[in-house]
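For what it's worth, the numbering used here labels the leading residue of the sequence shown as 9, then goes sequentially.
Just so you know, these hints were derived from the structure itself, not from any lab.
Just so you know, not all the hints are guaranteed correct.
Derived PhoX-like pairs: lysine-lysine, alpha-carbon spacing no greater than 20 Å straight-line [what the hints assert, rightly or not]: (1) K105 to K71; (2) K12 to K86; (3) K12 to K32; (4) K47 to K71; (5) K32 to K105; (6) K99 to K109; (7) K16 to K47; (8) K16 to K71; (9) K13 to K99; (10) K109 to K13; (11) K12 to K109; (12) K71 to K13; (13) K99 to K32; (14) K71 to K12; (15) K105 to K12.
FRET-style restraints, in silico, Cβ to Cβ [unchecked claim]: (16) I85 to D31: 37 to 43 Å; (17) T48 to H72: 20 to 26 Å; (18) T48 to G104: 33 to 39 Å; (19) G104 to V58: 31 to 37 Å; (20) G104 to D54: 32 to 38 Å; (21) K47 to I85: 28 to 34 Å; (22) K90 to K13: 19 to 25 Å; (23) H72 to T39: 36 to 42 Å; (24) L112 to L27: 20 to 26 Å; (25) R84 to V45: 29 to 35 Å; (26) P57 to Y102: 36 to 42 Å; (27) T15 to K109: 35 to 41 Å; (28) S36 to M9: 21 to 27 Å; (29) K16 to H89: 26 to 32 Å.
Ideal placement from N, C-alpha and C gives every residue a C-beta, glycine not left out.
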Amino acid sequence: MIVKKLTKDDAEDYRQIRLEALDKNPDSFGTTYQEEVIKTIEQFWDRIPVDNNNFILGCFEDKHLIGIVAFNQESRIKIRHKAYISSMYVKQEYGGKGIGKLLLNE
9 MIVKKLTKDD
19 AEDYRQIRLE
29 ALDKNPDSFG
39 TTYQEEVIKT
49 IEQFWDRIPV
59 DNNNFILGCF
69 EDKHLIGIVA
79 FNQESRIKIR
89 HKAYISSMYV
99 KQEYGGKGIG
109 KLLLNE
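Kindly produce the complete structure, drawing on both the sequences and the hints.
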């Protein structure tokens with residue numbers, strides 16, 4: 009397994025796992041499957057940040073994306089020391105195997 013920052017090239021894999029997360033755990037997210045499924049691949053591409061202070065990590069096994077977590081740091085000077093972890097999801101078949109911990113530790 010490898011953990012890496014998602015890039016624009018990972019947009020299709022990100023879209024698939026994000027929709028799965030929304031479908032299987034609707035109460036865990038601030039949006040719904042119905043809102044996201046109509047979005048284009050370009051819209052998912054645009055959602056993948058490309059800077060060091062905001063990023064999405066993905067855990068891959070055999071080139072398959074099996075878990076994600078987003079990290080967002082505040083940009084305003086007085087609160088720049090704050091950051092948020094959101095949108096965490098690990099595929100159900102990988103539950104209990106430490107994937108979430110691996111993502112958070114990274």
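Quiz item: Is the distance from the Cβ of I85 to the Cβ of D31 consistent with 37 to 43 Å?
Solution: For D31 against I85, whose Cβ atoms are near 39 Å apart, the range 37 to 43 Å holds.
Quiz prompt | K99 paired with K109 [C-alpha distance capped at 20 Å] | solution = 14 Å, holds
Exercise. For the pair we were handed, K105 and K71, check the Cα-Cα distance against 20 Å.
Key: Holds, at about 18 Å.
Quiz item: Has the given pair, K12 with K32, been kept, meaning a C-alpha gap of at most 20 Å?
Solution: Status violated; Cα separation ~24 Å.
Practice problem: Could you grab the alpha-carbon distance between K71 and K13 and see if it respects the 20 Å cut-off? | Solution: 14 Å, holds
Quiz item: Can the suggested window of 36 to 42 Å be confirmed for the beta-carbon pair H72 and T39?
Solution: 24 Å, violated
Exercise. Check the following: the C-beta atoms of G104 and V58 are separated by a distance inside 31 to 37 Å.
Key: 33 Å, holds
Quiz item: Can the suggested window of 19 to 25 Å be confirmed for the beta-carbon pair K90 and K13?
Solution: 20 Å, holds
Quiz item: Taking 29 to 35 Å as the hint, is the beta-carbon distance of R84 and V45 inside that range?
Solution: About 33 Å separates the Cβ atoms of R84 and V45, which means 29 to 35 Å holds.
Exercise. Take a quick look at whether K16 and K71 sit within 20 Å of each other, Cα to Cα.
Key: Judged against 20 Å, a Cα distance of about 15 Å means the pair holds.
Quiz item: Does K12 pair with K86 here, judged by a C-alpha cut-off of 20 Å?
Solution: 29 Å, violated
Exercise. Can you let me know if the beta-carbon spacing of S36 and M9 is within 21 to 27 Å?
Key: 23 Å, holds
Of the hints listed earlier, those the structure fails to meet are numbers 2, 3, 4, 23, 26 and 27, in rising order.
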